[in-house]
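The listed protein sequences derive, respectively, from chains A and B. The numbering of the first sequence is our numbering, which starts it at 136 and goes up by one. The numbering of the second sequence is our numbering, which starts it at 145 and goes up by one.
Don't read these hints as lab results, they were simulated from the structure. One thing to keep in mind: the hints can contain errors.
[Stated by the list, open to error] No farther apart than 20 Å at their CA atoms in a straight line, the calculated lysine to aspartate or glutamate pairs in the EDC-like style are these:
#, chain 1, residue 1, chain 2, residue 2
1, A, Lys325, A, Glu378
2, B, Lys385, B, Glu242
3, A, Lys258, A, Asp276
4, B, Lys359, A, Glu309
5, B, Lys353, A, Glu490
6, A, Lys458, B, Asp232
7, B, Lys353, B, Asp387
8, A, Lys458, B, Glu242
9, B, Lys281, B, Asp232
10, B, Lys412, A, Asp230
11, A, Lys489, B, Glu355
12, A, Lys329, A, Glu284
13, A, Lys458, B, Asp267
14, B, Lys204, B, Glu176
15, B, Lys211, B, Glu242
16, A, Lys489, B, Asp267
17, B, Lys359, A, Glu490
18, B, Lys304, A, Glu454
These are the residues of each chain, in order.
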Amino acid sequence: MNENEPSMPPAAGIHRRDFVKGAALTGAAIIGGGIVMAQDISQKISKAMTGGAQVPQKPLGKTGLKVSALGIGGYHLGTAKDQDEANQIVAQAIDAGVNFFDNAWEYHEGESENRMGQALKGKRDKVVLMTKVCTHGRGKDVAMRMLEESLRRLQTDHLDIWQIHEVVYHNDPELIFKPGGAAEALLEAKKQGKVRFIGFTGHKDPAIHLKMLSHDFPFDTVQMPLNCFDATFRSFETQVLPEANKRGIAALGMKSLGGSGEMVTSGTITPEEGLRYAMSLSVATTISGIDSLDVLEQNLEIARNFKPMSDAEMAALRERCRKLAGDGRFERFKTTKMYDGDLGREQHGYPPAKELPI
Amino acid sequence: MSAIPLREFGKTGVKISALGLGGHHLGDAADEKTAIKIVREAVDGGITFFDNCWEYNRGKSENWMGKGLKGLRDKVFLMTKVCTHGRDATLGMQMLEESLRRLQTDHLDLWQIHGVAFDNDPDLFIRPGGAAEALAKAKEQGKTRFLGFTGHRDPTIHLKMLDTGFLFDSVQMPLNPFDYSFHSFEQLVLPRLVEKGIAPLGMKPLTGKAEPLKKTILTPDQMLQYAMSLPVATTITGMEKLDVLYQNLKIAQGFQPLSVAEMDAIRKQCGALAADGRFEHYKVSLQFDNPEARLAHGFPIDPQQKEVKEMLQETDNTGRPFPILKS
Numbered sequence: 136m137n138e139n140e141p142s143m144p145p146a147a148g149i150h151r152r153d154f155v156k157g158a159a160l161t162g163a164a165i166i167g168g169g170i171v172m173a174q175d176i177s178q179k180i181s182k183a184m185t186g187g188a189q190v191p192q193k194p195l196g197k198t199g200l201k202v203s204a205l206g207i208g209g210y211h212l213g214t215a216k217d218q219d220e221a222n223q224i225v226a227q228a229i230d231a232g233v234n235f236f237d238n239a240w241e242y243h244e245g246e247s248e249n250r251m252g253q254a255l256k257g258k259r260d261k262v263v264l265m266t267k268v269c270t271h272g273r274g275k276d277v278a279m280r281m282l283e284e285s286l287r288r289l290q291t292d293h294l295d296i297w298q299i300h301e302v303v304y305h306n307d308p309e310l311i312f313k314p315g316g317a318a319e320a321l322l323e324a325k326k327q328g329k330v331r332f333i334g335f336t337g338h339k340d341p342a343i344h345l346k347m348l349s350h351d352f353p354f355d356t357v358q359m360p361l362n363c364f365d366a367t368f369r370s371f372e373t374q375v376l377p378e379a380n381k382r383g384i385a386a387l388g389m390k391s392l393g394g395s396g397e398m399v400t401s402g403t404i405t406p407e408e409g410l411r412y413a414m415s416l417s418v419a420t421t422i423s424g425i426d427s428l429d430v431l432e433q434n435l436e437i438a439r440n441f442k443p444m445s446d447a448e449m450a451a452l453r454e455r456c457r458k459l460a461g462d463g464r465f466e467r468f469k470t471t472k473m474y475d476g477d478l479g480r481e482q483h484g485y486p487p488a489k490e491l492p493i
Numbered sequence: 145m146s147a148i149p150l151r152e153f154g155k156t157g158v159k160i161s162a163l164g165l166g167g168h169h170l171g172d173a174a175d176e177k178t179a180i181k182i183v184r185e186a187v188d189g190g191i192t193f194f195d196n197c198w199e200y201n202r203g204k205s206e207n208w209m210g211k212g213l214k215g216l217r218d219k220v221f222l223m224t225k226v227c228t229h230g231r232d233a234t235l236g237m238q239m240l241e242e243s244l245r246r247l248q249t250d251h252l253d254l255w256q257i258h259g260v261a262f263d264n265d266p267d268l269f270i271r272p273g274g275a276a277e278a279l280a281k282a283k284e285q286g287k288t289r290f291l292g293f294t295g296h297r298d299p300t301i302h303l304k305m306l307d308t309g310f311l312f313d314s315v316q317m318p319l320n321p322f323d324y325s326f327h328s329f330e331q332l333v334l335p336r337l338v339e340k341g342i343a344p345l346g347m348k349p350l351t352g353k354a355e356p357l358k359k360t361i362l363t364p365d366q367m368l369q370y371a372m373s374l375p376v377a378t379t380i381t382g383m384e385k386l387d388v389l390y391q392n393l394k395i396a397q398g399f400q401p402l403s404v405a406e407m408d409a410i411r412k413q414c415g416a417l418a419a420d421g422r423f424e425h426y427k428v429s430l431q432f433d434n435p436e437a438r439l440a441h442g443f444p445i446d447p448q449q450k451e452v453k454e455m456l457q458e459t460d461n462t463g464r465p466f467p468i469l470k471s
């Protein structure tokens, strides 16, 4: 199945994991006939139930899971007004067919995970839940303690995906794969059944991602910035995405609008152009930071009506951004320390970002 | 006193001193008299490689070097750079004439494209009417013997420049122990130059602003020795004071390269510190962008930046990227 061809989620009421289990048991080949028909029916059912189209879903690499083409970013859930708004964002997203939820141990010192845990109460089985471990070079023991804390905050006994957070420094791959390093924690957690799939993420440099991928390690997912500016500046799209696709590792896109929406607020592109471009790439999902119901509605509207851009449309948008992209000011997560967490910097023995020039 | 070793300038048969004098810092000397003295004592001390650039200190660097080299022109290998930043060959040729006049010479030994820093620079360089045509023309006219380019931003952009197929005699890049562990020119670009017989010119042996020294991670001796021990034709370093010149001459005269083990030890010493790039701001930070180049590319500039303030103070600045050329 072409990853760019989204299919519809199963009907509400069918338990996500039951459905997935069924599909997994019968093997991948079956995803042709029977299940597609079931999905056609489910499409109609869910349309009737919600009064509108659902956010399409795509396969999560080789895992057998399917995830919504739009994912909810955990960081921004922590910047939403309060728990009540977070609850509404999560509930309305799920109603619209979103099932991918992103988080990290260190977001808002745990508040993002706490809020998501609360908001997902009773809905855990409907979603693919991911969080990230923040060892920043430290070892397996630290990682396993963080995992327990994440599970407690998220009010669940297992994660669907557990990723190493913020792989952004050039010595990170070395630290992660050292004996007793965080890579071992990923395998251990999987063995213990506390996580189903494992991956890593970083916003800085395709070369560092490729170094991570050069290790013979069974990553299921890899998260990276993907947007229409990235295509022509230190590009994850041209350097890392093909490698992930080739190996069947699910690619998770992020920073579709520049990390803080600067591509949109500068008047350079519309949110629709930015999101559609990112979602049209061969990714499993595009994780989007949503800190209010307004932003949610805007992004859901784009995702519900999502039709992949044609190659020509994508090329035209890349071309429009190329000249502006060349100095990296629209992707400050690549060119500055503004997006590098102080916790990670501290663990590496680096001074906080605010003490350095931009 | 032992001499500064001379090394092959690529496959040209020409030899240059293993230490080169950087033109930017010459313009930061206390005054013209000091700058002239630095140049003359550098030549006396065995430095033959002189670096400069059309836009350094808005011409002051070339003017002072021209005065310092009066009567010594034939003893040195003189390089300056052209600052088209993506613009036309015609502008490049105008800049060349201005550089020659300021440097008081009828030819350069080496003329390089300055500040290759943005991802689309290689495309702009090689396009019809682009600066590549100026380079070729200058060589044809005998106004320069050799051609090259320089940049401090990103090894992959350097590789793209080499991929244009233009026949460069030299390539200049930052080379220091921190570079080895962060977006490394040493690992990505240097081997290709050595293989092709293109002369590698090292710069920023002390990482530009000598920050590692301020933090006493490495001594200046260690840093400079490391850079000079790489397979480069020369290592260009800035010397705005006579003291700095003397200190560098002491290291360079009779220089013996470090052993492989010593090099590895130094790399290890700064590997983890280098990994976030804070010691090599020129590779990562927008703040270190050249404002002229930013304007030429249509990128916004920061009016608070020192270089921008200087640029805007120029009375003959028309508000466009460059003041009107006087030639």
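Hints, verified against the model:
{"no.": "1", "hint": "A/Lys325 / A/Glu378", "result": "violated, 24 Å"}
{"no.": "2", "hint": "B/Lys385 / B/Glu242", "result": "violated, 26 Å"}
{"no.": "3", "hint": "A/Lys258 / A/Asp276", "result": "violated, 30 Å"}
{"no.": "4", "hint": "B/Lys359 / A/Glu309", "result": "violated, 25 Å"}
{"no.": "5", "hint": "B/Lys353 / A/Glu490", "result": "holds, 17 Å"}
{"no.": "6", "hint": "A/Lys458 / B/Asp232", "result": "holds, 17 Å"}
{"no.": "7", "hint": "B/Lys353 / B/Asp387", "result": "holds, 17 Å"}
{"no.": "8", "hint": "A/Lys458 / B/Glu242", "result": "violated, 30 Å"}
{"no.": "9", "hint": "B/Lys281 / B/Asp232", "result": "holds, 13 Å"}
{"no.": "10", "hint": "B/Lys412 / A/Asp230", "result": "violated, 53 Å"}
{"no.": "11", "hint": "A/Lys489 / B/Glu355", "result": "holds, 17 Å"}
{"no.": "12", "hint": "A/Lys329 / A/Glu284", "result": "holds, 12 Å"}
{"no.": "13", "hint": "A/Lys458 / B/Asp267", "result": "holds, 11 Å"}
{"no.": "14", "hint": "B/Lys204 / B/Glu176", "result": "holds, 9 Å"}
{"no.": "15", "hint": "B/Lys211 / B/Glu242", "result": "holds, 15 Å"}
{"no.": "16", "hint": "A/Lys489 / B/Asp267", "result": "violated, 35 Å"}
{"no.": "17", "hint": "B/Lys359 / A/Glu490", "result": "holds, 15 Å"}
{"no.": "18", "hint": "B/Lys304 / A/Glu454", "result": "holds, 19 Å"}
Of the hints listed earlier, those the structure fails to meet are numbers 1, 2, 3, 4, 8, 10 and 16, in rising order.
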